[in-house]
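Chains as they are written, first to last, in our numbering: chain A, 1 to 174; chain B, 175 to 364.
The set of hints was computed from the structure by calculation and includes no laboratory data.
Beta carbons: idealized from backbone N, C-alpha and C, even for Gly.
Please note: incorrect hints may appear among the correct ones.
[As the list claims (entries may be wrong)] Derived DEER-like restraints, expressed as beta-carbon distance ranges:
{"hint": "1", "chain 1": "B", "residue 1": "S205", "chain 2": "A", "residue 2": "R93", "range": "57 to 63 Å"}
{"hint": "2", "chain 1": "B", "residue 1": "S205", "chain 2": "A", "residue 2": "Y128", "range": "28 to 34 Å"}
{"hint": "3", "chain 1": "A", "residue 1": "I101", "chain 2": "B", "residue 2": "A231", "range": "35 to 41 Å"}
{"hint": "4", "chain 1": "A", "residue 1": "I101", "chain 2": "B", "residue 2": "E236", "range": "35 to 41 Å"}
{"hint": "5", "chain 1": "A", "residue 1": "N97", "chain 2": "B", "residue 2": "S226", "range": "41 to 47 Å"}
{"hint": "6", "chain 1": "A", "residue 1": "K50", "chain 2": "B", "residue 2": "V237", "range": "53 to 59 Å"}
[To be verified] Below, in silico cross-link-like pairs of lysine-lysine (DSS-like), each with a Cα-Cα straight-line distance of 27 Å or less:
{"hint": "7", "chain 1": "A", "residue 1": "K134", "chain 2": "A", "residue 2": "K114"}
{"hint": "8", "chain 1": "A", "residue 1": "K99", "chain 2": "B", "residue 2": "K257"}
{"hint": "9", "chain 1": "B", "residue 1": "K257", "chain 2": "A", "residue 2": "K114"}
{"hint": "10", "chain 1": "A", "residue 1": "K134", "chain 2": "A", "residue 2": "K99"}
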Amino acid sequence: MQRVVERDKLLETCRQLKADYEMLTDIAGVDNFGEDPRYEVVYHLYSFQKHEYLRLKVKVPEDDMIMDSLVSVWKTADWHEREVFDMFGIRFRNHPNLKRILMWDGYPYYPLRKDFPLAGIQTELPEYAEDAGKAEAANMLGGPFFGGTGTTSSREREPRQYDTPAEQQEKLKS
Amino acid sequence: MGAKKEIMNAPSQDVIVTRVDAAISWMRKNSVWPMPMGLACCGIELMAVGASRFDIARFGSEVMRFSPRQSDLMIVAGTCVYKMAGVVKRVWDQMPNPKWCMAMGACASTGGMYRSYATVQGVDRFLPVDVYISGCPPRPEAVLEGLMAIQRKIANEQALHAMKTGIASAPTHQPVTGPVIVRGDYATRR
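Bound-form chain A, shown alone (with noise of 0.2 Å):
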């Protein structure tokens, strides 16, 4: 069963789903992009009398991204707000700790929304980690699992050969 529900009577419905729906299974960010509202929350709860999940989508509007928290219905929304927080750059409003749960404090992006590159952002690391470098856009040469094809060594088809942008360049004409 699917329900879209209004951003601002999420969590009053939420309050009331609880009594069928205990367990909150996930929650999941997406990012529609090109479209309006751009961003959409989608939440699976899970009832265990009637054996049946729920799933509610919550549109989200690219110049106000902040939405109510859930935590105070289901705890174990905190660690899942955190990661949408993370991913995405949805707020959630009266979370105990949103802070990032994956990439590191400080970290500029939000690496799942469509228009950030899979390979990354030339980003510099936290204080903590300075000895180990910058963290660097990952060589794609055409794609994350891309192998290329008419050359018959493994090596030569190995994104790491060409560390260069220039030497990427050619390899890709090629």
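Using the hints, position chain B against chain A.
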């Protein structure tokens, strides 16, 4: 001269004549204590290397030290993300010289299949890696082969020269200077 005469007169099975360099290297290479930096699934395979079937103790490396201050060889086993990179580097810095580093598996060597914003594309971006082991994960035999490559490297180091000059990786007698790549293609388990 007197000492030399005594040595010459001693029963041959009691005395072995060697260079100090060679003796130190021999002792080092047969007691390489690993720091198991198990970051992902390669860590499980590393446990197999330590357990009875493959038994890394045969090479003098059974003492897995979970304190960097007591270990000689860092085995980076698994995917290293940028959030972890600082921790790995700090543990490496805490290890006393002389020390060696092994990149175990595709992820530690090159980032492996994780070509993404979060993963370090090879731990050699911030660690001086001596041996790279291919495989995803490598077979335990490949890890042992890598350890033997490290041992060959240690055996060829001029230990005394390194102590005097303070340079960690001393010039070698034989050309085992650069990092060694161990191919992980071993027979499947029967």
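Structure-based check of each hint:
For B/S205 paired with A/R93, a C-beta distance near 58 Å keeps the hint of 57 to 63 Å intact. At about 32 Å, the CB distance of B/S205 to A/Y128 agrees with the hint of 28 to 34 Å. At about 40 Å, the beta-carbon gap between A/I101 and B/A231 stays in the expected band of 35 to 41 Å. In this structure, A/I101 and B/E236 meet the distance hint of 35 to 41 Å, their C-beta atoms being roughly 37 Å apart.
Checked against the hint of 41 to 47 Å, the pair A/N97 and B/S226 passes, with Cβ atoms roughly 44 Å apart. Between A/K50 and B/V237 the Cβ separation comes to about 56 Å, which falls inside the hinted range of 53 to 59 Å. The straight-line distance between the Cα atoms of A/K134 and A/K114 is roughly 23 Å, inside the 27 Å bound, and the hint therefore holds. For the hint linking A/K99 to B/K257, the alpha-carbon distance of about 14 Å falls within 27 Å, and the restraint holds.
Proximity of B/K257 to A/K114 is assessed by CA-CA distance (about 22 Å); at most 27 Å being required, the pair is judged to hold. The hinted pair formed by A/K134 and A/K99 meets the criterion: a straight-line CA distance of about 22 Å does not exceed 27 Å.
Hint compliance for this structure: every hint is met.
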